[in-house]
Amino acid sequence: MTVPGSPQPSQQKSSLERYENGQSRFRGCSNIRDFEFLGKLGEGTFGEVYKARSKKDGAVVALKKILMHNQMDGPTHCTGEGRKKPSMYMVMLYMEHDLSGLLENPNVHFTEPQIKCYMLQLLEGVRYLHESGILHRDMKAANLLISNTGVLQIADFGLARPYYEKPPQPGKGGGEAKRDYTPLVVTRWYRPPELLLQLRRYTTAIDMWGVGCVFGEMFKGRPILAGNSDLNQAHLIFGLVGSPTEENMPGWSSLPGCDGIKDFGSKPGNLSQVFKEQGPLVISLLSELLKLDWRTRITAVDALKHPYFTSPPLPARPGELPQFEDSHELDRRHFRQKQKAPVPGNNVDSDRSNNAGARGMNRVPRGGLVPSGSFRRPIDEGLPQKPSPVSSQHQAWSNRRTDNRPDRRKEGWSTGRGEGRPDTYMPRNGHFDGGGPDNSRYGNRRENPNARRRSQSPPRDKGREDSSYHLYRR
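For the sequence shown, the residue numbers in the working numbering are 43 to 516.
Read the hints as simulated data drawn from the structure, not as lab findings.
Treat the hints with care, since some could be wrong.
Listed below are the simulated DSSO-like cross-link pairs for lysine-lysine, each with C-alpha atoms no more than 27 angstroms apart in a straight line [said to hold, decoys possible]:
#: 1; residue 1: LYS214; residue 2: LYS347
#: 2; residue 1: LYS93; residue 2: LYS107
#: 3; residue 1: LYS158; residue 2: LYS262
#: 4; residue 1: LYS318; residue 2: LYS82
#: 5; residue 1: LYS309; residue 2: LYS158
#: 6; residue 1: LYS82; residue 2: LYS97
#: 7; residue 1: LYS93; residue 2: LYS82
#: 8; residue 1: LYS208; residue 2: LYS220
#: 9; residue 1: LYS97; residue 2: LYS107
#: 10; residue 1: LYS158; residue 2: LYS214
#: 11; residue 1: LYS98; residue 2: LYS208
#: 12; residue 1: LYS82; residue 2: LYS107
#: 13; residue 1: LYS220; residue 2: LYS262
#: 14; residue 1: LYS82; residue 2: LYS98
Each pair of labels, with its calculated beta carbon distance range [to be verified]:
#: 15; residue 1: SER314; residue 2: GLU78; range: 47 to 53 angstroms
#: 16; residue 1: GLY64; residue 2: LYS214; range: 54 to 60 angstroms
#: 17; residue 1: PHE366; residue 2: PRO322; range: 28 to 34 angstroms
#: 18; residue 1: ALA268; residue 2: LYS347; range: 19 to 25 angstroms
#: 19; residue 1: GLY263; residue 2: GLY64; range: 51 to 57 angstroms
In this text, a Cβ means the ideal position worked out from N, Cα and C, and glycines have one as well.
Can you make the complete structure from the sequences, with help from the hints?
Right under this line is the structure:
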């Protein structure tokens with residue numbers, strides 16, 4: 043009998059991507075089958091980026107797969123049970139590098155005209171965002187894409203939010219904000235001190251701090267403030283630019299996260315010492331970008347007018363910059379993992395780092411030697427002590443063993459270990475579920491109608507049952 047209105051067996055489920063007439067439900071979209079995937083470029087909390095080639099015109103593009111962790115994020119849709127949700131990709135211009143990958147490439151060395159060229163483009167992009175009322179909130183080297191034509195672009199707006207205050211005014215710094223935001227933003231190495239102190243009403247100055255960290259990173263070739271915790275990050279910041287006071291960071295002692303900072307003591311800062319080789323103009327611009335007081339921290343508009351960019355050597359033009367092999371953060375990460383791989387067997391390397399094995403492993407690869415003077419912790423350190431061995435007269439599987447279980451003292455039990463035969467279990471009456479009347483755990487399943495029964499199973503072929511079944515059945 044068919045219930046009216048119920049789907050018939052011949053009816054097929056409607057597609058989530060196309061209408062019944064075959065037309066796509068998404069306007070202006072192409073099919074993912076139109077692209078050939080060439081590799082993975084990066085991954086993050088809200089997306090994965092792939093390198094792909096269009097099968098139609100051969101153009102190389104970047105495909106960003108949108109990851110929806112919460113159904114309340116983005117458009118709300120209703121799907122039937124068991125249907126696979128369609129994946130959404132954004133097709134974007136492919137950029138050969140990101141700044142983090144370039145800086146980690148041992149074959150790439152930035153010149154000062156090149157650094158000035160990248161900084162001017164970065165500041166122009168940040169100025170445009172802030173004047174358009176956008177907070178990026180994740181400014182870092184890995185989110186700055188660079189093409190082989192020398193063009194720099196700001197990427198990854200997964201944490202970006204609208205900024206409702208007035209755009210920054212020339213010569214007035216970041217000012218104050220009236221709207222609360224979450225302080226749990228910005229990658230830790232590029233996170234400004236006011237966020238570490240849990241300021242909620244922050245301004246565009248948080249992006250400018252990230253610009254300053256990127257600026258110093260281009261000179262040093264590595265992150266200049268690489269903390270391993272929020273407290274350690276604050277310790278590194280105040281060690282570089284000096285401890286906070288009511289003069290250089292008014293109101294810091296009233297922020298929620300100031301308790302642990304007060305125990306640091308007074309630090310003078312050593313920014314000028316760390317960047318003394320780069321000259322006074324670099325130190326001057328860095329001091330303005332890494333200023334503790336977010337209200338007076340330099341804006342992108344004022345940074346573009348800094349005399350550093352008009353002093354020799356002058357900034358290079360994008361088309362004059364050299365070209366490099368593709369370098370992305372994920373590529374360099376895989377490269378580092380290969381460099382740290384253990385040395386193959388029977389190959390002893392004099393380099394201690396190569397013979398140390400994988401990180402976190404308390405062992406040396408086959409063929410490696412323990413470095414002299416190193417301390418190798420026992421593998422069982424901190425574990426409970428092993429039980430004392432059983433005497434030869436009472437071996438665990440001996441035929442002379444006395445078993446205390448009631449069901450094993452009956453005639454149906456036999457260890458069967460004599461003459462090297464495997465251990466077997468021969469239950470009474472041919473039943474494997476212990477259904478005898480003497481079994482206190484299960485009771486007699488055959489005679490008790492209220493006993494819980496197991497699901498029906500097909501009869502077993504006893505001729506094919508091997509000894510391993512009986513062994514694990516106990």
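Results for each hint:
| no. | hint | result |
| --- | --- | --- |
| 1 | LYS214 <-> LYS347 | 14 angstroms, holds |
| 2 | LYS93 <-> LYS107 | 11 angstroms, holds |
| 3 | LYS158 <-> LYS262 | 15 angstroms, holds |
| 4 | LYS318 <-> LYS82 | 39 angstroms, violated |
| 5 | LYS309 <-> LYS158 | 31 angstroms, violated |
| 6 | LYS82 <-> LYS97 | 18 angstroms, holds |
| 7 | LYS93 <-> LYS82 | 6 angstroms, holds |
| 8 | LYS208 <-> LYS220 | 11 angstroms, holds |
| 9 | LYS97 <-> LYS107 | 19 angstroms, holds |
| 10 | LYS158 <-> LYS214 | 24 angstroms, holds |
| 11 | LYS98 <-> LYS208 | 46 angstroms, violated |
| 12 | LYS82 <-> LYS107 | 11 angstroms, holds |
| 13 | LYS220 <-> LYS262 | 37 angstroms, violated |
| 14 | LYS82 <-> LYS98 | 21 angstroms, holds |
| 15 | SER314 <-> GLU78: 47 to 53 angstroms | 52 angstroms, holds |
| 16 | GLY64 <-> LYS214: 54 to 60 angstroms | 58 angstroms, holds |
| 17 | PHE366 <-> PRO322: 28 to 34 angstroms | 30 angstroms, holds |
| 18 | ALA268 <-> LYS347: 19 to 25 angstroms | 31 angstroms, violated |
| 19 | GLY263 <-> GLY64: 51 to 57 angstroms | 54 angstroms, holds |
Hint compliance for this structure: hints 4, 5, 11, 13 and 18 are broken, all remaining hints hold.
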